[in-house]
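In case you want the letters, here they are:
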Amino acid sequence: MKSFLLQQLARLILPLAMLLGLALLLKGHDLPGGGFVAGLSFASAGILGFTAYGARRFHASVPVEPDRVALLGGVVVLLSLLLPLAFGEPGLTHRHGLLELGPFSWKWQTALLFETGVVMIVGGGASAAALWLWETPTRREGGG
Amino acid sequence: MLPALVGGLLLAWPGATRAARVLGVGASLGSLVLLASLLVESATGVAVAWEWVPALSVRVAWRLGAATLGLAILVAGVGALVLQFAGAYFGPSQKGRRGIALLCLFEASMLGLVLADDLLLLFTFWELTGLCSFFLINTDADKRDDTFASAQQALLITVGGALPMLLGFVYLILETGTGSLSALVTRELSPGVQTLALALILPGILTKSAQVPFHFWLPGAMAAPTPISAYLHSATMVKAGLILLLYLFPVCGDSALWSGVLIPLGAATCIWGSYRALGQDDVKLLMAWSTVSQLGLMTITAGLGTDLAIRAALLHLIAHAVFKAGLFLGVGAIDHATGTRRLSQLGGLGRRAPLLCAVVAVLAGSMAGLPPFAGFLSKELVLKKLLLADTALHDVAVLGIVVGSIGTVAYTARFFFDCFAGSPRSDGAARPRRLGPAFLVAPTLLAVLSVFGGLGARFTDRWVLEPMSAALLGFGLDVPELRLWHGINVPLILSGLILAVGFLVYWLSERRRFPAGPDVLSGPRLFEGFLLGAQAAGGLCNRALSGASPSIYFALVLTLGLATALPLAGNLTTLVATSWAVGGVTVLVGLAFALALLVGLSSKVGRILALTAVGFAVAMLYGLLNAPDLVLTQLLVEVLTTVFFLLAVRFVADREPPPEPSRTLQASRLAFAALIGVAISALVVAVQGLPRDTRLPDYYFQAGPAIAEGQNLVNLLLADFRGLDTLVETLVVLLAALGSIALLRGREFSTRRGPREAGR
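Protein chains in written order, with my numbering: chain A, 1 to 144; chain B, 1 to 760.
Quick caveat, the hints were computed from the structure, so don't treat them as lab data.
Mixed in with the good hints, there may be bad ones.
To be verified - With beta-carbon atoms standing in for the labels, derived distance ranges: (1) Val585/B / Gln7/A: 37 to 43 Å; (2) Phe87/A / Leu735/B: 40 to 46 Å; (3) Arg68/A / Gln94/B: 32 to 38 Å; (4) Gln688/B / Arg68/A: 14 to 20 Å; (5) Glu65/A / Ser668/B: 34 to 40 Å; (6) Ser3/A / Gly600/B: 27 to 33 Å; (7) Leu113/A / Leu560/B: 39 to 45 Å; (8) Pro84/A / Thr176/B: 28 to 34 Å; (9) Val649/B / Gln8/A: 41 to 47 Å; (10) Leu744/B / Val75/A: 20 to 26 Å.
If you're wondering where the values come from, they're calculated on a predicted model, not measured in any experiment.
Using N, Cα and C, we set each Cβ at its ideal position, and we do this for glycine too.
Just chain B, same shape as in the assembly (with noise of 0.2 Å):
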């Protein structure tokens, strides 16, 4: 199923910018065939494409039902229509190509994290699309420096947030044993494991989603070009939330964190986001912070916690994924016509560019929740779900959604009259470059959707709404709600109010503007505290740590070895009763010889044959053990540190030798190794006196001819048995060797000044 999409994208990385421009509509518009083919068939049901970890039971597996699949079709076709019009928004240009790369990569992600049955693999799609947006809104990063950091930020918060939610599916997992979201819904789940499920899963939504005190990092992302704009914050990133939200109602909605949680925090949200669009001046901006408002509407409804509050809380979601695109292209076409993004420099365009103008309108009327367009059905229906409702803050809820439906109201009038009323107010405004229909294609089809989703009111619940929210919630409504007219209710009347308010809070605020000030609810100053904090706690620990000699690391690590190992020392009775061989005190004789030799011995070569010499002598302890392979090991390995000492010495040779400890000195660290050395050898014959425990060697003995068909254990467990644990061992192996060649290459060996020699 996604395989086109991926092909295309594959395609789309060394092509030709009009080839990837093509490719990347192309496969938008194939996947959008596909899931559309899907849902004609009407597939339900999880299709497993591939066991991926069978161990933990993950496995790559869609969820296909109307509501996902409907939920995908939003998602491709969006990006459809915003890949043909980021073509047409960059031109052939390198940055374009990148751009529109970018965005099939990211449309996938998206696809996934819609479709994905298991837990672990949307937590994966999750990420990926941070990662994706986070590339996305890079695309500019040559031009404004503080895109990357605006980039960074949208990064490192959704990320955060997105960690406890990891732990949020895991306990999930754990306490019902699957991770597959399909089997989840049916699963009734205590009202404790909800809870402690929704508090460590809501972090992730809402900094996902950008909900106070989480939404700083959308005007941010504002940096990114604007058809990335528009699809990141129309159909999907923001979305990627809300939709969590509404696929985790089933399996948490009961938990009392549920209204809570959303209610406060998106009444906050959708208040705020409205004020401050109220006070941008940067089309841009205001949408930005108009989906800031947006969402939080969207999150009061979800958190209402019925399932009709969730079936308008869906409608919503894609009424606005549709209009919200369109204007955010919009306002692209905008920019690209004027040359400018600000409202105090716009104005008349609606004589100059009549049909964007008309486009436009349409999908502004369709924000504020004018009739006949789509956005009046679903803020229609959220009212009288809202109405309806009697959870706890169910006041809270209301002001929420009324304060900010009044400023949704203003701030839309506001962007509209500005840039399409009155005269123009710059050169660029007046004298508008002409658009080609590519710029218009994607908006105006956008605002053909709005309309006839409103118009066809009766078509879209039939279509749309019932069968989505039937998948979703589990059943349906027999009795078909959406209608333009309802007849004169509390819903229409509330409605009219609120317009009416909108009006005048624009009417008033056109003669005195809103201030933009500070954005005091939001944390970007917090956030760079605190990644100073971060910094300044890392580098306190560094300073604490570093600088001190290696020989008070090597005692500091010995010390606290041993100390672990001190339970043990009831054994030590059995040093009475150790039998001692001829053979072995012969061997013992010779290493204490050889470590005689290497205390007195001054010349550097010297010691280091003595060193080889007990390693050999410890070889040959190994012989005594029958431990043939040890011997080996131990030999070649001493051979070779032998070389590697030698050829290093080389290079201090000709220096000066360090000053002679102080006498205390010499003595204190005496005294340390005569005391280690005994703790050693006591704990050596301490773990001889426990008992064994032979399951694992007999498991070894049995399986190994058996399974692996071999006789040398000790290589087959190397190889086969543990072959992970010796396949990252010898990736380690490589990449010292690789590190300490980059070492050598990267230094400059000077007889002058050598680093200061390690204590020995």
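Okay, chain A solo, but in the shape it has when bound (with noise of 0.2 Å):
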């Protein structure tokens, strides 16, 4: 199943993807972008790992499993729900501000706890999905 023409791409387009959903990440308050499609962008980079590499080296060079990435994204949505409650104010209520650091700045966002609980769950869980359709008929091949 491994191609080497496969892996040859993905060793440019992997990072490319992972950075592309970083900006989306990041940027998406003011440009186009945002939790959903940053999601989808670090699904693509996943998929794209174990289709080129094989599940067994995608296993084994990821920290965390996609499906534990999923659900400590929903960990996080709802944190970002409970925090602004500890604060005595309505849940999901975001802050902003500016932090300047000498000729760098950076527009800070509470928004954004949200948006990576969201690129989490989206990016998690579609490639676990994914890992799973990839990885059954294997299994029936391995074990029958």
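Fit the two chains together into the complex; they arrive one by one in their own frames, and the hints show the way.
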């Protein structure tokens, strides 16, 4: 199943897809992008990863399994729902501000936490489902 | 205020049995002391703990006053005693720990119910008590098969009744603009509003307080261990309905429905409960039916609908809570000592367990209404108010109370004499186990309270009844009216008559047992029928709807959806006015080509790729329309969809293709597809002709940068303005992903027989 061409392509595309995801996530507030597309981008990267290099190498190289990422994303999203409650504000209240470090400045947003959760759910969930689809026949062949 | 209890609760969960027992009693006593201190400070008004849902002005607020605090003290006090007894009764066991923890939870929700100021908060606690009682009744579920059924019955009946009650609460809130009980009681509502609200709320009250014809869950709930029954059926669960009734009297008391419903149902309950109690052999069931009867008595009294009758109902509610809790605990002690609860096997316990006998004698005397116990006082007051009131259905009320009370005297006598007099009728009764003090403390204290409450009539009046009813009704009485001896008057004569006839009935029934017979008035059958009917209806719907091919659903949904868009047909004229740009036409041509490929190609993979090409063409259309967000999303979604299709195709790749559908079927599908396609295109064109409402976009264009400090409105909407929607959607995505994994994991992939392929 592994193809040399695909692997070479993946070497190029994988980091690009991840960077794209990151950019979409961070810039989404002002430019086209956002959590959902960023998640899709990450999911594409993940799927490309295991289709090019095989599931075994994928499992070995990712620090956290995709389904765990999706679950954690659920926790993050709920956290951003509940955290404002602790400060006496309605759930999902977002704050923003400008962090200035000399010539650099970063416009921080608590909405980013929420978006990160969305990314984790979409990216993790999609790649986890695809990974299971990918692996299931392999198992049958291996087992039978 | 409640945190003390809740803290104790959390600790009671993992703790050891002994610790749980101590903690449970300690938490109850702690809240008791707290409540009492509030009472001593004569705290009144509303204590707001937390604005729960400010948008609906739902607050976690406690209504403080003599009435609510007094009832809460009753709940906490009986709770402490029952928990102490439960510790002894269960002994060190896992079940005991669970039971005690649940009792604590139950006590907390009952306290919340009694003290809640907000109607919706009260409703929450109301349902919590129902839920807790479900688990409590289930404590012994491993022992008896029908225990679970009983618990389920209790839950469904009370929860079912509570649904219209919630509607009633909402109606009251909408009508008055406030959900606060303390504000509601000061409002003057029109009779129509009162009647409608009451009609909605009464089902909840009647089911919870086990009135005919909803009473049958209560004897069924006797499957619970005795201490739990003692608590559920004396001071708490079944009283919740009556307490709410008392709370609502100032709000809805003027309605004709008040007496019209409460008196007949109460009378039926009172008489039927007494009659059924007479026929029972199991002491605990006897007590359960006695509770039904007493609840009927209180309902009638409240139903008289005068302020003074409410006072009487309140007093009897308290007296009953005390003596019935004591009696249930006494029954538990008898059960523990002799190993049986059957009257036909008991007897002669008077000499063998004298202390228990004395305690139970006092409590039973209080229940039968013998002087000088508290039960006598309250029953006397009930009779007095009964004779004073001149409501409609007065005769029914008199009949219910008199006959019910006669029955009460008779079954109380039967219970007491069969247990304690005569000679033992079984080995267990002949040689009862010695009861430790742990078994006797709680019943004895309750008995002492009963004696003290009766003998100290003036004290009871001044410190218990008067402040509580004054807080409840909004005015007090200047003259104390509780007295053991009023001189010879009509209530006293009536009382004497009731006692005499009651004993006569007992004496007659000793020779010839009352038939236990089937409970004709009750509805377990009805209930079961209802459940079975619901299941059958569900099955019917399922059969009618399932089994059809998915394409039929698809067609149905599309047709219905388009039918709703029919009114837009008038706008179709704009089709001519639409301008045709060159770029758009080019993309459309590409789209048509991809579609032709999709239809024309025979290999699965080829078709999937053609589908992707269609998607990309659509993305280009979005690009022409200046929607970069949509382009981005569309492209990524298309890529992933393709991947998923390709992955899924691998499962069916080596499977036989489905048989070629018949020519007519193909033709009809084609016709339908063409129809839908044309209709949807028409819809799109028609929508373009609608006048635009720019208020919402304008708001977001203005508010987006200002409030959320962002430029990408689409994303601001998703992440910020409609964040809750997005949150729920992402959770749906999560569930879908995990669900598909679970499906894949649980399914055997075999090439021999796959599921029928959906027509495509």
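Evaluated hints:
A C-beta distance of roughly 41 Å is found between Val585/B and Gln7/A, which places it inside the suggested range of 37 to 43 Å. A beta carbon spacing of about 29 Å between Phe87/A and Leu735/B contradicts the range 40 to 46 Å that was offered as a hint. A hinted range of 32 to 38 Å for the beta carbons of Arg68/A and Gln94/B is consistent with their spacing of about 34 Å. Between Gln688/B and Arg68/A the CB atoms are about 46 Å apart, so this pair departs from the stated range of 14 to 20 Å.
A hinted range of 34 to 40 Å for the beta carbons of Glu65/A and Ser668/B is inconsistent with their spacing of about 47 Å. As the Cβ distance of Ser3/A to Gly600/B is approximately 28 Å, the hint placing it in 27 to 33 Å holds. A hinted range of 39 to 45 Å holds for the C-beta pair Leu113/A and Leu560/B, which are about 41 Å apart. For the pair Pro84/A and Thr176/B, the beta carbons lie near 32 Å from each other, so the given range of 28 to 34 Å is met.
Look at Val649/B against Gln8/A: about 25 Å separates their beta carbons, and that is not inside 41 to 47 Å. The given range of 20 to 26 Å is respected by Leu744/B and Val75/A, whose C-beta atoms sit roughly 23 Å from each other.
Violation of the numbered hints given earlier is confined to hints 2, 4, 5, 9; the remaining hints are satisfied by the structure.
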